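Starting from the known structure of chain A, fit chain B onto it as the hints suggest.
Residue numbers (this note's numbering), protein chains in the order written: chain A, 1 to 112; chain B, 1 to 113.
These aren't lab readings, by the way, just hints derived from the structure by calculation. Quantities reported herein were computed from a predicted structural model and do not represent experimental measurements. Any given hint could turn out to be false.
In the EDC-like style, the derived pairs of lysine to aspartate or glutamate whose C-alpha atoms are separated by at most 20 Å in a straight line are [to be verified]:
| hint | chain 1 | residue 1 | chain 2 | residue 2 |
| --- | --- | --- | --- | --- |
| 1 | B | Lys55 | B | Asp28 |
| 2 | B | Lys53 | B | Asp28 |
| 3 | A | Lys42 | B | Asp38 |
| 4 | A | Lys2 | B | Asp59 |
| 5 | B | Lys13 | B | Glu62 |
| 6 | A | Lys107 | B | Asp38 |
| 7 | B | Lys55 | A | Asp95 |
| 8 | A | Lys2 | B | Glu56 |
| 9 | A | Lys67 | A | Glu3 |
| 10 | B | Lys57 | A | Asp95 |
| 11 | B | Lys57 | A | Glu3 |
| 12 | B | Lys53 | B | Glu79 |
| 13 | B | Lys3 | A | Glu45 |
| 14 | B | Lys70 | B | Glu22 |
| 15 | A | Lys107 | A | Asp83 |
| 16 | B | Lys57 | B | Glu69 |
| 17 | A | Lys56 | B | Glu100 |
| 18 | A | Lys67 | B | Glu100 |
| 19 | A | Lys111 | A | Asp78 |
| 20 | A | Lys42 | B | Asp1 |
| 21 | B | Lys71 | B | Glu100 |
| 22 | A | Lys56 | A | Asp83 |
| 23 | A | Lys107 | A | Glu5 |
| 24 | A | Lys42 | B | Glu22 |
| 25 | A | Lys2 | A | Asp27 |
| 26 | A | Lys2 | B | Asp38 |
| 27 | B | Lys53 | B | Glu72 |
| 28 | A | Lys107 | A | Glu3 |
| 29 | B | Lys53 | B | Glu30 |
Examples of chain B residues toward chain A, derived with CB under 10 Å [what the hints assert, rightly or not]:
| hint | residue |
| --- | --- |
| 30 | Val4 |
| 31 | Leu45 |
| 32 | Glu56 |
| 33 | Thr101 |
| 34 | Phe104 |
Glycine is no exception: its CB is placed at the ideal position from the N, C-alpha and C atoms.
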Amino acid sequence: QKEVEQNSGPLSVPEGAIASLNCTYSDRGSQSFFWYRQYSGKSPELIMSIYSNGDKEDGRFTAQLNKASQYVSLLIRDSQPSDSATYLCAVNVLDSNYQLIWGAGTKLIIKP
Amino acid sequence: DVKVTQSSRYLVKRTGEKVFLECVQDMDHENMFWYRQDPGLGLRLIYFSYDVKMKEKGDIPEGYSVSREKKERFSLILESASTNQTSMYLCASGWGQPVETQYFGPGTRLLVL
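Just chain A, with the same shape it has in the complex:
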């Protein structure tokens, strides 16, 4: 059974601090990893994708991938109240060109 695990939270972080979100996956051969943000009552939107081991930075966001340990994380620097949302981790299915497996999401709350 292919799985993507995330802590459901809520994760509460003070404004201006670093928020760290984690995701583990079961399919060792997975190659594509995605972080989506979903505001309450809205649909998911892509924040970052990562395909290689190491860090990938985009503005205040950094995705980190460690394929050996089968985890991917998202760091949000200088957290803002507008970052409060649920963050979904998605991983490609090895034997499918089309399917992603989704985590249930981590709810992040940034406290002013």
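Okay, now just chain B, sitting in the frame of chain A:
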């Protein structure tokens, strides 16, 4: 800007009714997807399509069917709605093999009474 639209934001139906949910994308994407999202369960794939008239079952296809007669349009059909199909339904589209970014519509919140 990529735009994915869904026919309804909110829908209330009765048990046993046939329900049609429609999704349209304007970016010429080959791939289209139907998910349902329930609290604590994440996104679960119902069906997807990688080309016109082509469809593949996802993880939870029972009780659903789909239709893709045109590239831009992907319809989800609940043949006989049941209360356990009350959920948020999300359509997505994207390109690439393997899959790249998926772009989501606003969602349809369906209540089956």
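Practice task
Would you pick out the hints that fail for this structure and give their numbers low to high?
Solution key: none
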